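*Asks:* As a plain string of letters, each chain reads:
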Amino acid sequence: MGNSEKEKQDVRELRQKLDAQIDFFNLIHQYAQETLCSSSLSEMMDTTAEGVVDIFQVELGVILILNVAGDKLIITGSCNYDDNLTEILVSEDWIKGSNLLNFKHSTVTVETPTEDSPLAAFELAHAMYYPIFDNNHKLEGIILGGISKAKARIFDYEQKDVVSSFAVYCQQMNGIINNFYALETALEAVKVKKRFLSNLNHEIRTPLNAIIGMNRIAMNSQKSDEIARCAAQIDVSSRQLLGLLNDALDISQIEDGKLALENAPFALNDVLYEMITAQTEHAAKKDISITLQTDAADNLKIVGDSPRLIQALTNIVSNAVKFSNPNSGVTVDVRVVSRDSQAVFVKFAVIDQGIGMSDETLSGIFSSFVQADDSMSKKYGGMGLGLSISKNIVELMGGTIQVKSAVGAGTTVSFDIWFERDASDTASDSGIVATESIDFSRKHILVVDDVEINREIVAAILEDSGATLSFAENGTVALEMFAASENGCFDLILMDIQMPIMDGMEATRAIRALDREDATSVPILALTANVSKHDVQNVINAGMNGHIGKPIEYESAMSLIGQFIK
Amino acid sequence: MLDFYSASARSANATRAVDECMDIIFGDEAPVDGGIWIFNAGIGFDVKKIATAIRQKVPQARILGTTCGGVIGREGVGEVLTSMAIMGIQGPETEAAYSSVSGFTANTSYEKGLELAKGLKEKLPGVTAAYLLTPGLDTNSDEVLKAFNEILPDLIISGGLSSDNYKGIFTEQYVNGVSGSSEAWVVGFADETLRVATRACHGFNAYGEPMTVTKAENNMIIELDNGPAWETYSAVSGQAEEYLKNALLQGGMAIKLQPELVEEYGSDYLLRLAVAHEDAPDVMFVSATIKEGEQYYLTTRDENRVFSEQEKALAALREDILSHSSDGKVHPVAVFQADCLARGRTLFGKVLKDEIIEMIQTALSDEGVVPPWLGMYGFGEYCPLGNKNTFHTYTTTLLVLYR
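If you're matching them up, the sequences are chains W and X in order. Going by this note's numbering, the letters in the first sequence line up with residues 249 to 814, in that order. Going by this note's numbering, the letters in the second sequence line up with residues 71 to 473, in that order.
For the record, the hints were derived by calculation from the structure and aren't laboratory data. Just to be clear, a hint being listed does not mean it is correct.
[Claimed, not checked] Chain X regions said to be covered by chain W (calculated; three or more residues, Cβ under 8 Å): (1) 77-88; (2) 137-143; (3) 230-244; (4) 437-445.
Every value quoted in this text rests on a predicted model; they were computed, and no experiment measured them. We treat Cβ as the ideally placed atom computed from N, Cα and C, and that holds for glycine.
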């Protein structure tokens, strides 16, 4: 071969080599594209495994993902692996020994798996694997390619030819897998919300149906005991509705990052007994007992948002009751695990012996709108918001929530929170006025609401208090009545917010602006269905003294009114 | 009148590979059900999964297949373990049919050949051409051709022996739900509108003094020049015995061809591929009848000749086809190709076949369009030579069906 002929041959061979490299990258690109077109995570994992086989010409490809506990590798995708094996046990030692944890300096491991290797289950003569990491650089699993002992003679396998390119492929796929996870999570959230809306519809209609039905029965009945029974059922159903609405609003606030705590001193045991008392009646209907174990001193007073703490505990306890078998018990265990002169560290645990949950279910229970599965909502009811709300409340309080469960073996939900200790010694200084002592006789209250039935409800609530009531159907009328009255005529004004002609905010500002002595001193309480923290702040900003939410909670409303009526 | 469809694809997933092929063939339209479907597949596939995937698309298909060291489709060559090619043959069962047997070995090649031929004749009395597939590692091709000649003396036979990835360890043939290393099948054509053209050629040279077979049995060379076969061959070629036994394509030997066939074949010699078997390590196994007294030469690959003889063969094939053409053009409707991995351009110590396959497909295209095409790299090829069905190795054989 002459020089020029040799040069031509060299060029031809170089070009061929470059073509081969380009072909290789084209293949990686092609598999990247195919995985991105996957319609599900499992399809994407299978395609990734196919890429291992096709590009590197090995017999089988397997994608193994670590479970939450980190002690099993789950087969989530495979190519040419038809055995029934779905998972393999792994030890921490093996993971460490296999150099899988080094995110920055990941390498391809090439070996013939020995008997003590978890990969021995695949009976491989040649194995090569590479770690994949999640977006926080935490080991997520491995991509494995291999040739079985049975077919080792047939397959050509030159380790040096494939190792570096295998690393490139795995890195590429790692990124795609993580992006796909994110996409799957987002899509799942959309699906879950759709299920939630369907659930919400059902959950609202059920008590609403009871209210309408019971109301109809009551209206047609002449028997006082029957009417009382209907009223009681209406009360229960109304509270259910209110609970649903509050949960939905809480979740909305949580998602918007607007849920805030309002700290005040309270006696821990008082709050616990209050919560237990409220749940006991419902639990008793299922023959389930609730036991409180607390080592907190009765006079322990702490600072926190007690209503939110009650809400968090109530959600967990009611869940425990819901998923417990009849004639079993739920234990609320409260331990002060650490204390100093300024603060106490309290551990709360709610323990049941109910149906329990699998690992898979556990991973999603704190997500909004998620129940163990669709059948749960059908069988047990609920919208799947409670635990998510509890988790967020606990986290807002600086705590962390945990859950341990096993199918058929019950569930324990626990959380720990640091509370500041209150400087005072009394736990009763909560501003609540005992409703039994209320006497509004000789007191004159102006009720401003554009809806007649609402005015009637207020009249009914205040009927026994001895108060004299005047009514206005909008802000303008209220302003005129107040302006026309003698100084000090009205002891309190209950002001609706949303009204025609003049709304409550404007009317309040107008009253406060009047040039008379009682214009600034008369207590004005908002009486409104606008119950968000933002709404409360707005009414205070407008010059009102307090806020009563609709539907009206009798005791708290009377208590607040009692606070302001002199 | 028969219709032919073909496609090839690469994928580690049999279903995806078949789906890709079906997409190429039928596009958005539903696949035409029924017919005979033949697949050639790399050994990275489970052949049963390929068949299942085909059946999902074409429920009434009669499916035949084989493993091989490389596939050839109208899209080009596929030489990885995850390459496959398929050919669909649609039309009346009186125009295309297949026959198959189990238990085909070198020792049973004649009787199984009779069974195959009789089965085909029964289903297709007017059969004129056939594509034959026999096991890659345990076949006596001369015996099977002898059997066919007795039952169907005018039948034109093309085809080949199955193969693996040139390790010589394992081949598998598939026939309608049954797969194994001793299955054999033949597809016959009896479409009166079809004409048949075939050609075989190779590009090896023989050299040195011949080795004489001094002891033989069926397809086995037990002794050469009165010594153990592999030992003698190793000594004469100067290559280590173990190397020769393990490097499959190195065991090539040439036997002189009758002078009248030299021009057509482009060679003075017919080649034979010898392989080793661990059960009889001193014996050379050949997929043809070996007779004592035959003389075999060492061979050397002549790349220039591979290409030049292929050009001549294609010119002759085109001339044959054009002699029956009314418009002076070639109109092939299907091409079946059996080939040898060793035929092509050598780069980096590896034979690349793209160039020679492109040359063949260009010559047989119909106004630039490559016809449906199914090819494989096998452990041997069947094709007429001098109007007699013949077994070849290191050869390109073409069965061209045209109208």
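*Asks:* Does each hint fit the structure? Answer for all of them.
*Replies:* Checked hints:
Against chain W, the region 77-88 of chain X contributes 5 residues with a C-beta closer than 8 Å to a partner C-beta. That satisfies the three-residue criterion, and the hint holds. With 0 residues carrying a beta carbon less than 8 Å from a beta carbon of chain W, the region 137-143 of chain X misses the three-residue requirement, and the given coverage is violated. Residue count for the region 230-244 of chain X with a Cβ under 8 Å from a Cβ of chain W: 5. That meets the three needed, and the coverage hint holds. Counting residues of the region 437-445 of chain X whose beta carbon lies closer than 8 Å to any beta carbon of chain W gives 0, which falls short of the minimum of three for the stated coverage.
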